[in-house]
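Asker: Using the sequences provided together with the hints, build the complete structure.
From first to last, the protein sequence lines are chains A and B. Sequential numbering from 5 applies to the first sequence in this note's numbering. Sequential numbering from 5 applies to the second sequence in this note's numbering.
Calculated directly from the structure, the hints in this document are not laboratory data. Be aware that a few hints might be false.
[As the list claims (entries may be wrong)] Keeping only pairs whose Cα atoms sit at most 27 Å apart, straight-line, the calculated DSSO-like set for lysine-lysine is:
#1 A:K233 / A:K217
#2 A:K412 / B:K62
#3 A:K205 / A:K220
#4 A:K280 / A:K293
#5 A:K293 / A:K336
#6 B:K55 / A:K113
#7 A:K252 / A:K110
#8 A:K280 / B:K62
#9 B:K59 / A:K252
#10 A:K110 / A:K147
#11 A:K293 / B:K55
#12 B:K55 / A:K233
#13 A:K110 / B:K59
#14 A:K451 / A:K412
#15 A:K205 / A:K252
#16 B:K59 / A:K205
#17 A:K412 / A:K280
#18 A:K336 / A:K136
#19 A:K113 / A:K252
#20 A:K205 / A:K110
#21 A:K252 / A:K336
#22 A:K229 / A:K147
#23 A:K233 / A:K147
#24 A:K229 / A:K217
#25 A:K110 / A:K136
#26 A:K293 / B:K59
#27 B:K62 / A:K110
#28 A:K393 / A:K412
#29 A:K113 / B:K62
#30 A:K252 / B:K55
Source: prediction; values computed, not measured.
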Amino acid sequence: MTAAENGIISSSFRDPSGFIFSRNGILYRQVNLTYQEHYDHLMQSGLYEALLQAELLIPHQEVDPAQYAWTDQAYKVLKVETVPFISYPYEWCFSQLKAAALSTLKIQKIAGDFGMTLKDSSAYNIQFVRGKPLLIDTLSFEKYREGQIWVPYRQFCQHFLAPLALMSQRDVRLNRLLQIYIDGIPLDLASSLLPLRTWLKPALLSHIHLHAKSQKRLANKTINKDSYKLSRFNFAGLIDHLESAILKLRWRGQKTEWGHYYEATNYSTESLDQKKQQVAEFLDQIRPKFVFDLGANTGLFSRLASARGIQTVSFDLDPMAVELNYLENQQKGETHLLPLLLDLTNPSANIGWENQERLSFLERGPADTALALALIHHLAISNNVPLGKIAHFFNRICDSLIIEFVPKQDSQVQRLLSSREDIFSGYTQEAFEREFEQYFRLRHSVKLNGSERTLYLMQKE
Amino acid sequence: MKQIINLLLLSGLILSLLPQEAQAAYLDPGSGSFLMQIIIAGLVGFSFFAKLFWKNIKLFFANLLSREPKQE
Numbered sequence: 005m006t007a008a009e010n011g012i013i014s015s016s017f018r019d020p021s022g023f024i025f026s027r028n029g030i031l032y033r034q035v036n037l038t039y040q041e042h043y044d045h046l047m048q049s050g051l052y053e054a055l056l057q058a059e060l061l062i063p064h065q066e067v068d069p070a071q072y073a074w075t076d077q078a079y080k081v082l083k084v085e086t087v088p089f090i091s092y093p094y095e096w097c098f099s100q101l102k103a104a105a106l107s108t109l110k111i112q113k114i115a116g117d118f119g120m121t122l123k124d125s126s127a128y129n130i131q132f133v134r135g136k137p138l139l140i141d142t143l144s145f146e147k148y149r150e151g152q153i154w155v156p157y158r159q160f161c162q163h164f165l166a167p168l169a170l171m172s173q174r175d176v177r178l179n180r181l182l183q184i185y186i187d188g189i190p191l192d193l194a195s196s197l198l199p200l201r202t203w204l205k206p207a208l209l210s211h212i213h214l215h216a217k218s219q220k221r222l223a224n225k226t227i228n229k230d231s232y233k234l235s236r237f238n239f240a241g242l243i244d245h246l247e248s249a250i251l252k253l254r255w256r257g258q259k260t261e262w263g264h265y266y267e268a269t270n271y272s273t274e275s276l277d278q279k280k281q282q283v284a285e286f287l288d289q290i291r292p293k294f295v296f297d298l299g300a301n302t303g304l305f306s307r308l309a310s311a312r313g314i315q316t317v318s319f320d321l322d323p324m325a326v327e328l329n330y331l332e333n334q335q336k337g338e339t340h341l342l343p344l345l346l347d348l349t350n351p352s353a354n355i356g357w358e359n360q361e362r363l364s365f366l367e368r369g370p371a372d373t374a375l376a377l378a379l380i381h382h383l384a385i386s387n388n389v390p391l392g393k394i395a396h397f398f399n400r401i402c403d404s405l406i407i408e409f410v411p412k413q414d415s416q417v418q419r420l421l422s423s424r425e426d427i428f429s430g431y432t433q434e435a436f437e438r439e440f441e442q443y444f445r446l447r448h449s450v451k452l453n454g455s456e457r458t459l460y461l462m463q464k465e
Numbered sequence: 005m006k007q008i009i010n011l012l013l014l015s016g017l018i019l020s021l022l023p024q025e026a027q028a029a030y031l032d033p034g035s036g037s038f039l040m041q042i043i044i045a046g047l048v049g050f051s052f053f054a055k056l057f058w059k060n061i062k063l064f065f066a067n068l069l070s071r072e073p074k075q076e
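Answerer: Shown next, in the form of structure tokens:
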């Protein structure tokens with residue numbers, strides 16, 4: 005179920021407090037009667053306002069339940085702000101996941117000041133809106149009861165601490181494990197994958213290694229939970245300990261293949277300026293509202309779109325490029341840009357319950373416009389994707405397309421061909437135009453100075 | 005050092021023995037995670053207290069030093 009269809013959103017079913025549904029393209033959240041006490045406390049204690057002020061929670065408006073309720077169990081119906089593009093933790097770079105983890109703990113701390121606590125800490129409840137990681141689940145709070153434990157402790161360790169520790173201490177690509185384990189990385193798996201030296205780090209020793217041992221030892225045992233109590237002080241100490249554990253995790257990064265692309269490219273500054281100017285002109289001509297930049301590297305061209313107030317998602321395969329893109333995004337406080345990790349040869353699929361809980365890349369599209377700059381040779385030559393299939397893919401994800409054709413004689417293509425046999429006799433500019441004309445009208449083409457490359461503006465009829 | 009460790013262990017032990025009212029949550033905290041949380045929270049409680057105490061002391065002196073003398 006996507007926002008375009010009427011019905012309950014397919015990822016919204018675990019929590020009996022309420023659910024999200026779509027009606028005529030607008031998203032609403034039904035708050036069930038069973039959640040009344042907690043919802044009232046959230047709104048009346050000042051917590052809701054405090055979280056909005058701290059830019060940690062998505063805003064909502066109450067609408068008339070008599071008119072909008074989806075079932076007869078409704079206490080309130082909220083009209084929720086639509087997130088421009090839903091992204092998932094396995095598409096985030098290290099610093100995005102870290103920011104989401106810290107937001108979650110900050111929300112917990114603020115909630116504590118208003119006599120509430122989080123009842124879940126799913127990474128999927130955090131979405132990047134206006135460049136900030138916001139909690140989108142308004143029903144994640146419950147009234148704090150003296151002596152209670154922090155219920156989402158295990159979930160927090162699985163969704164945030166374990167992947168961040170693995171990315172920081174073992175390999176940044178291990179965030180992809182979140183794609184397999186939808187409720188976070190099992191702690192015994194994290195423990196076995198982490199290097200031995202992490203046993204010497206008190207936070208990782210306790211929250212991951214010993215935590216995993218404790219889970220194993222007590223797997224089939226029940227303990228009398230009623231006989232244990234956590235004082236307010238110890239509760240706050242636990243949150244503080246988790247926060248410093250997250251803060252200590254860093255990813256130093258490494259030189260990756262394309263991380264220094266703009267410095268290493270065969271474009272001169274002048275040619276790069278011409279390309280930027282041309283892309284900007286095309287954007288001004290078609291005035292899209294929503295752009296995908298595919299193979300965006302560190303987002304140089306994405307920023308041409310986002311700076312024009314266009315919602316732009318900047319995808320790249322390289323964790324370092326996405327990391328640099330996100331850090332720049334944060335440093336500049338950009339509100340219309342979202343950098344994400346994506347492997348175009350294996351884009352995020354539909355996963356979770358009935359394969360509908362977390363949506364595929366294609367289902368979250370299409371965009372008005374896609375940018376595909378210095379990309380096509382990687383798809384066609386490095387990944388052996390025929391031009392016809394590339395054109396078909398773009399037909400599915402956008403209405404208009406700004407695409408750069410990189411011919412065989414280009415030095416970057418020659419580099420890709422240097423280690424393999426040239427089996428790409430069909431990779432020509434004529435064939436490229438022919439295949440794309442199946443779906444798009446070629447509106448403009450401009451030869452880029454100082455190179456053999458051509459920039460196209462294509463649009464569906 | 006040994007004293008501190010003993011103290012931390014003791015605070016964890018004491019806390020873990022206290023009774024608690026029943027609760028209903030839609031997430032299962034899991035027995036292993038539950039116990040681990042009680043133990044860690046017990047252990048870090050003391051250092052959290054020390055951290056807050058030290059922060060307050062620093063704040064007190066910072067305020068004291070930055071306060072300008074009142075003019076009569």
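Asker: Could you run down the list of hints and mark each one as holding or not?
Answerer: Right, here's what the structure says about each hint:
1. A:K233 / A:K217: holds, 22 Å
2. A:K412 / B:K62: violated, 66 Å
3. A:K205 / A:K220: holds, 21 Å
4. A:K280 / A:K293: holds, 19 Å
5. A:K293 / A:K336: holds, 21 Å
6. B:K55 / A:K113: holds, 16 Å
7. A:K252 / A:K110: Distance of about 16 Å is within 27 Å: holds.
8. A:K280 / B:K62: violated, 52 Å
9. B:K59 / A:K252: holds, 20 Å
10. A:K110 / A:K147: It holds: about 17 Å lies between the C-alpha atoms, which stays within 27 Å.
11. A:K293 / B:K55: Judged against 27 Å, a Cα distance of about 49 Å means the pair is violated.
12. B:K55 / A:K233: holds, 22 Å
13. A:K110 / B:K59: holds, 19 Å
14. A:K451 / A:K412: Holds, because 15 Å separates the two Cα atoms, which is no more than 27 Å.
15. A:K205 / A:K252: Within the cut-off at roughly 10 Å; holds.
16. B:K59 / A:K205: Satisfied, since the Cα-Cα distance of roughly 24 Å is no more than 27 Å.
17. A:K412 / A:K280: holds, 22 Å
18. A:K336 / A:K136: holds, 12 Å
19. A:K113 / A:K252: holds, 19 Å
20. A:K205 / A:K110: OK: A:K205 and A:K110 at ~23 Å, within 27 Å.
21. A:K252 / A:K336: holds, 24 Å
22. A:K229 / A:K147: holds, 19 Å
23. A:K233 / A:K147: holds, 16 Å
24. A:K229 / A:K217: Given pair A:K229, A:K217 holds - Cα atoms ~19 Å apart, limit 27 Å.
25. A:K110 / A:K136: Within the cut-off at roughly 13 Å; holds.
26. A:K293 / B:K59: Answer violated: A:K293 to B:K59 is near 49 Å, above 27 Å.
27. B:K62 / A:K110: holds, 23 Å
28. A:K393 / A:K412: holds, 19 Å
29. A:K113 / B:K62: holds, 22 Å
30. A:K252 / B:K55: At roughly 17 Å apart (the allowed maximum being 27 Å), B:K55 and A:K252 satisfy the hint.
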